[in-house]
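> On the provided structure of chain R, position chain Z as indicated by the hints.
Residue numbers (this note's numbering), protein chains in the order written: chain R, 1 to 437; chain Z, 1 to 437.
No lab work stands behind these hints, which were simulated from the structure alone. Only a predicted model underlies this, so the values are computations on that prediction, with no experimental measurement involved. All C-beta atoms, glycine included, are put in the ideal place defined by N, C-alpha and C. Possibly wrong hints are sitting among the right ones.
Claimed, not checked - Chain R is faced by these chain Z residues, among others (derived, beta-carbon under 10 Å):
no.	residue
1	I73
2	Q103
3	I166
4	P198
5	R233
6	D235
7	R236
8	L264
9	Y288
10	K321
11	A327
Protein chains: 2
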Amino acid sequence: MYDPIAFTLPEGVDLATHIAATYLYQTSASADIHKLAAALSEEQSSGTWVSLEGETPEVRERHVGKIIGIWEIPDHEVSVPGDLRTRDWILQIAYPVHNIGPQIPLMLTTVNGNIASAGRLKLLDLHFPRSYTEQFKGPKFGIEGMRELLGVPDRPLLVAMIKPSIGLTPQQSAEAFYQAAVGGADGVKDDELVVSHPWSHFLDRVREHGAAATAAYEETGHRTLYFVNITDRPDRLVDNAHRALEAGASALMVNYLVVGISALSMLADDPDINVPVLAHLDFSGAIYGSPWSGVSSHLVLGKLPRLAGADLVVYPSPYGKFPFLPAKHLRIAQALTGRFHDIRRSWPMPGGGVQPGMLPLLFGDMGRDFIVGAGGAVHGHPLGPAAGAKALRQAIDAVMANGAIRIEGSPPELAAALAIWGISEAGVKGAYDLMTG
Amino acid sequence: MYDPIAFTLPEGVDLATHIAATYLYQTSASADIHKLAAALSEEQSSGTWVSLEGETPEVRERHVGKIIGIWEIPDHEVSVPGDLRTRDWILQIAYPVHNIGPQIPLMLTTVNGNIASAGRLKLLDLHFPRSYTEQFKGPKFGIEGMRELLGVPDRPLLVAMIKPSIGLTPQQSAEAFYQAAVGGADGVKDDELVVSHPWSHFLDRVREHGAAATAAYEETGHRTLYFVNITDRPDRLVDNAHRALEAGASALMVNYLVVGISALSMLADDPDINVPVLAHLDFSGAIYGSPWSGVSSHLVLGKLPRLAGADLVVYPSPYGKFPFLPAKHLRIAQALTGRFHDIRRSWPMPGGGVQPGMLPLLFGDMGRDFIVGAGGAVHGHPLGPAAGAKALRQAIDAVMANGAIRIEGSPPELAAALAIWGISEAGVKGAYDLMTG
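Chain R extracted, bound-state conformation:
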């Protein structure tokens, strides 16, 4: 405990063989940060609260978490104000990759296991060396693969969400699917609340929605994927995936945080699963929601599902019904699409109250590599769901052509949507706004 090996220097650590974790940490004003940082790094590697005979210098040298950064915010130098009750720190600890092995669960246990219970401590960032990430396949399709699959080389995609979320028969949801598809949706996803129910089994939806996709294709020549929600405990998830594919599923959807992030890597490694996989955000707020504990959203909804193999990730749109900072949305999009060794890029799909008038904002944030995820704006459009999907495709085309969007001169579907919902700078004006408090 608290010796020169634990309390190490950055120069001693090879970041090609370590995972670097960055934490926000609040202590009492009187705490000894050096002792505490050493205690945290040892808790997550070879130590505990007493000295141990078996914890030899060799064991520590090979396995202990190395402290590579401690900074106070603000950076007191001369004195600490006498009325401070707490002090805030950024800590960086590097964990040897060989402590972990080729899996995500033990990596999470290592970087945010017991110390997640250490009080005001939040995991802000993770930098993975290639020696860790090369053990994962990442997304099978990603941005480029899905563009090729769909034959859409350049523009953002439109994925419609079936609404109402629950209670439709497969025939009814197939009609909703068909409407969105003939309106030009590139994909249609189930609601996260729907898997298998007495009134709607996922296999029946695969068949009915597949027929709807074919009917729409024959009418328009445009292809529409169906992201069928197969969420269940992991063994049934795999079984559901195989059964869905046998029934002709074109894409899959998983509520990955309630099943477990590594369930995605299980699907990504399965050679028989050869369709895109959508990862849905539900439960994520329970992990990223606190500014003082948990794990930052760009990890939970960005880097981790990308590493695990999500082709597209639905996360909270800052312009819609969720209270969510635009800067965090940008960080998630960056984590999904920025350089990450050889891991393919995943599609950012901000969702939750997205409607046509927000498209200029989303283009401005993300360029063209994003997915417009819309449920209410499709199925709540005054001219019906086909018009709702059309309006979103028209909005995409308008911003692609002119960099902007206007009611005047717009086709009737888009004009109707803009007339009701407006061209937004701050999101929809629905009941959910109030959630921001």
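Below, chain Z without anything else, positioned relative to chain R:
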């Protein structure tokens, strides 16, 4: 949205067919709580941010979340103070069990899915009707089953944690196992950071520790389980379980929150897995840590792993190295051992800095149905790990016999431990204390 069906009356809801969720929720002082509560309940069932043609009264009646309680804390009646910026509420929403099906992931998506991203909202409690819980087997052994398996009818159990956590060969950790076993441990568990590594594969540990258990049994006639950590992504977890059992494993351990809670129910339903399963707390703080978001610890570390089939759950001891409220430890223990339809009782195993001088406090809190989980107090004992285990068994016996513990008259192992670590009212005096800020 915001209609009489969504904004319903308690009398309209049959709690035998609904899961009742209780939330803490903070709004702006000017918010309309009735609109917001309706928006939350609809988000988690049939609605979204606009009205939908398909969301018929029949669909809503069958599927919508019913608001069954709204209380303000404090309960303003006459006026709301003008300087209030926020208001705090307890909300209760009842979700139809038939929305979900026999699984845990979709249940979590339903009770704390998208609305986990609704700002300051924390899931405080879940009440499950029998119609939901009867779809789960729960723990295979639980308290009574493990007492029978071990032949220990009455006293608390002692499960030792192997330390140092990482870096030991199977031969070295088998020696640590042997010492704890001859000292009287009823079980020995891996550290949560250890699964399969070049220097220690779990199958080698199963064999070596099994031999150590046999050797100790021949010497003492006392049986010691080995909880081998098989944590990995879910498909490998199942494979690891089967391979460990073929190699003779007597018990299993899973870092269940980083794999996914429902991975436990997958193991519990597997007829070939016939040994106790230990669920470890790592990552839990990322979910329960905030007072304003996430999920309360008695759910994360109590009711949910019990429902999923954990025979024993390791959670933060309030008297040890973790900052953790004693009242929360009591709630977890109650959730694991109290009445829960026909689901067997799980062992509470508070851990993290536990040492002999804390036993009176733990007996006082939990009676005799708990597990003493100790690593440092075994492997850091001044007379060695066998003495460390003996000291804990002696402490158990002393409290069983006298209701208290004293240095004077204690056997040498216990006396030595008490002399160093004291008889605590407030936990160990180690580096971790400082984590409480």
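> The structure should be examined with respect to each hint, and the outcome stated for every one.
Results of checking the hints against the structure:
Restraint check, I73/Z versus chain R: the minimum CB separation of about 15 Å is more than 10 Å; hint violated. Evaluation of the Q103/Z hint against chain R yields a held restraint, the C-beta minimum of about 5 Å falling below 10 Å. For the restraint placing I166/Z at the interface with chain R, the shortest Cβ-Cβ distance is roughly 5 Å, inside the 10 Å limit, so the hint holds. Residue-level restraint check for P198/Z holds (minimum Cβ-Cβ distance to chain R is 7 Å; threshold 10 Å).
Residue-level restraint check for R233/Z holds (minimum Cβ-Cβ distance to chain R is 4 Å; threshold 10 Å). A cut of 10 Å between beta carbons decides the hint on D235/Z: the least distance to chain R is about 5 Å, and the hint holds. Nearest Cβ of chain R to the Cβ of R236/Z: about 7 Å, under the 10 Å cut. The hint holds. Of the supplied interface hints, the one on L264/Z holds, with its beta-carbon coming within about 9 Å of a beta-carbon of chain R, less than 10 Å.
Because the beta carbon of Y288/Z sits about 8 Å from the nearest beta carbon in chain R, less than 10 Å, this interface hint is met. Look at K321/Z: its Cβ gets to within about 5 Å of chain R, closer than 10 Å, so that hint holds up. Interface hint at A327/Z: violated, since its Cβ lies 16 Å from the closest Cβ of chain R, which is beyond the 10 Å cut-off.
Hints 1, 11 from the list above are not met by this structure, while the remaining hints are.
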